[in-house]
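Asks: Take a look at the letters that make up each chain.
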Amino acid sequence: MKIKEEMKDGVKVIRLHGKVISGPDLMQLKTVFQTAVNNETGNVLLDLGGVSWMDSSGLGVLVSGHTSISRIGGKMAILNATKKIHELFIITKLITIFETFTNEQEAIESLQG
Amino acid sequence: MLKGVILTVPSDERLLETIQVFVEKIGLTAGVDEEEVTSLSIAVMEIVKNGMEHGNGGDPGKTVTISIDAFPGRLQFQVDDCGSWQPDAELGHKPGEGEELISCRGRGVLIARNLARWLDFGLSPQGNTRATLIWPLN
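Listed in order, the protein sequences are those of chains A and B. If you're matching positions, the first sequence starts at 1 in the numbering used here and goes up one per residue. If you're matching positions, the second sequence starts at 1001 in the numbering used here and goes up one per residue.
Check each hint, because a few of them may be wrong.
[Stated by the list, open to error] Straight-line distance between alpha carbons at most 27 Å, and here's what the computed DSS-like set of lysine-lysine pairs gives:
1. K19(A) x K1062(B)
2. K83(A) x K93(A)
3. K1003(B) x K1094(B)
4. K83(A) x K1003(B)
5. K1062(B) x K83(A)
6. K1025(B) x K8(A)
7. K84(A) x K1025(B)
8. K4(A) x K30(A)
9. K2(A) x K84(A)
Treat the hints as calculated values from the structure; they're not laboratory data. Keep in mind that this is a model prediction, so the values were computed, not measured.
Work the whole structure out from these sequences, hints included.
Replies: Written out as structure tokens, the structure is:
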């Protein structure tokens, strides 16, 4: 898994590429979320457009990140989840806690609001 | 037709990606649609991971064995770990509610049950946990 981070209009955009699978890579993703919390980054947009595979441990890290960011008053949304990944959000009902978008600008504007 | 393919691995999560690639290659070889092979590997890997974490307590000295057999119209994966499964009617049948929904854990069997056409838990002849997942082939 590769992780890229950038700030866009005050929103931290985290782009994931590859497989989000249990193991050392997930620790790296946890650290990215923790850093966002420590820096009080605020709102986070997680771009899953490049994610080809994800398991329940990956979802668990996303939930943990969402909870931590919410605790500091921020919001976290999902961008461009593929059909397969979106299906996992539906199965687990996580679709009810994550706002999802297919348009980056709309997502950023929503997080700013 | 694929028969008697067996992979035994230690409970080491660093191997998961390698096993996932193996499961997808086996699925494609057996005739699983390319569009469905990701769902197949997610379902099988949730069971493998479950065996490593819960059945074997993450002990690398304990193994998980994946046995694969193709039959007309279906592909069977049996995943054996060193644990001793206890019947739990609720296991993986319902998504979390309330506080459980935002838990970081406990979604693996739910995902596997929903992606696979058929998944059941039981015991091997030795009394250890055996999960059986069957995937239809066109």
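Asks: Holds or violated: K2(A) with K84(A), Cα cutoff 27 Å?
Replies: 19 Å, holds
Asks: K84(A) and K1025(B) were given as a pair; does the straight-line alpha-carbon distance stay at or below 27 Å?
Replies: 18 Å, holds
Asks: Take the C-alpha atoms of K1003(B) and K1094(B), compute the straight-line distance between them, and say whether it is at most 27 Å.
Replies: Violated, because 34 Å separates the two Cα atoms, which is more than 27 Å.
Asks: Need the status of pair K19(A), K1062(B): alpha-carbon distance at most 27 Å?
Replies: 26 Å, holds
Asks: Are K1062(B) and K83(A) close enough, with their CA atoms no more than 27 Å apart?
Replies: 36 Å, violated
Asks: Measure nothing beyond the straight line between the CA atoms of K83(A) and K93(A); if it is 27 Å or shorter, mark the hint as holding.
Replies: 15 Å, holds
Asks: Is K83(A) within 27 Å of K1003(B), Cα to Cα?
Replies: This hinted pair is violated, its Cα atoms lying about 32 Å apart.
Asks: CA of K4(A) to CA of K30(A), is that 27 Å or under?
Replies: 14 Å, holds
Asks: Taken at face value, is the distance from the CA of K8(A) to the CA of K1025(B) at most 27 Å?
Replies: 39 Å, violated
In this structure, the earlier hints numbered 3, 4, 5 and 6 are contradicted, and the remaining ones agree with it.
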